[in-house]
Amino acid sequence: MGLRILAGTANRPLADAIARALRTEPVPGELERFPDGELRPNVGPVRGDDVYLVQPTGPPVSDHLIELLLLADACRRGGAGRITAVVPYFGYARQDRRGRAGEAVGSRVVADALCGSGAHRLIVVDPHTTALEAMCGIPTEMLTAVPVLARALAPVPDGAVVVAPDLGAAKLAEHYASLLRLPVAVVRKTRLTGSAVQAEEIAGDIADRPAVIVDDMISTGATIEAAVRVVLAHGGAPDVVVAATHGLLVGAAASRLGSLAVRHVLTTDSLAVDQASMPALRVVSVAPLLADAIGRLHRDQPLGDLLIRA
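Be aware that the sequence shown starts at 773, since it is given in the numbering used here, and climbs by one per residue.
Do not take every clue at face value.
Derived CB-CB ranges, DEER-like [as the list claims (entries may be wrong)]:
| hint | residue 1 | residue 2 | range |
| --- | --- | --- | --- |
| 1 | Arg-819 | Arg-872 | 44 to 50 Å |
| 2 | Ser-1027 | Arg-872 | 27 to 33 Å |
| 3 | Asp-835 | Ile-910 | 18 to 24 Å |
Calculated directly from the structure, the hints in this document are not laboratory data.
C-beta atoms are modelled at their ideal positions from N, C-alpha and C, and glycine is treated no differently.
With the hints as constraints, model all of the structure from the sequences given.
Structure (structure tokens):
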């Protein structure tokens, strides 16, 4: 089977960079949008090919998700030999369980829809929950961008400490800390609403030490803002760096982070990011990581060191 890269509209520059790294051309395609908002994609010839469909499902999440499902179905009906959905940012991953009666498990619904659309395999990068693999009825490869970001962070200031902004990010912080050879501190956070959190305590020695605050994503920036304020309130040095794989940066995130004592915010191009919106924003590419994974899968080689730590 020939290797083909198909780009959705969510992040064409990333798909193009992956294709260049693999020395191939993206599959030509068009997306028609009807006046009522319906989408109708059309893809070029893919019969018998090993197709890698690149489409993160970031904002607007539902539009990009529907486009992903329609593109996968178009490839299936076009006779593709194998279809792999490359979804660097997997929307709805935060909805991995019910918080109260009457709620849906959104990540399971999306996983089932992806299977039904014709995808044979899924590639994601640093999903919000590793339970995603158990929810999917197709093989799911969970890559991590932590080594990419850690290399971009180095060298770190003397005496720095990696800070997890909540308990859920503690394991992620430990991965960064092992690569950067730094200690870890953890903030205790309570979420009040979708865009407001409260954090008052921190476990770990941060007095007079520069903080590297890490998370899997930055959405509204509320969690990072709360973590920065706790670090400074407990005597941390006013030289804070933030690193997160996915920069959604919705709502007032840019102005919220811009008002903090943050030297720079580091994220990846898993989503299309407007760097002009934040002077302190730095973006590193996950295209080499994804190209490496795609190349190995196409050649039926193990991914090993590219995967999230168990």
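Quick rundown of the hints versus the structure:
Evaluation of the 44 to 50 Å hint for Arg-819 and Arg-872 yields a pass: the beta carbon distance comes to about 47 Å. Evaluation of the 27 to 33 Å hint for Ser-1027 and Arg-872 yields a pass: the beta carbon distance comes to about 32 Å. Taken as a hint, the range 18 to 24 Å holds for the pair Asp-835 and Ile-910, whose Cβ atoms sit roughly 23 Å apart.
The structure shown violates none of the earlier numbered hints.
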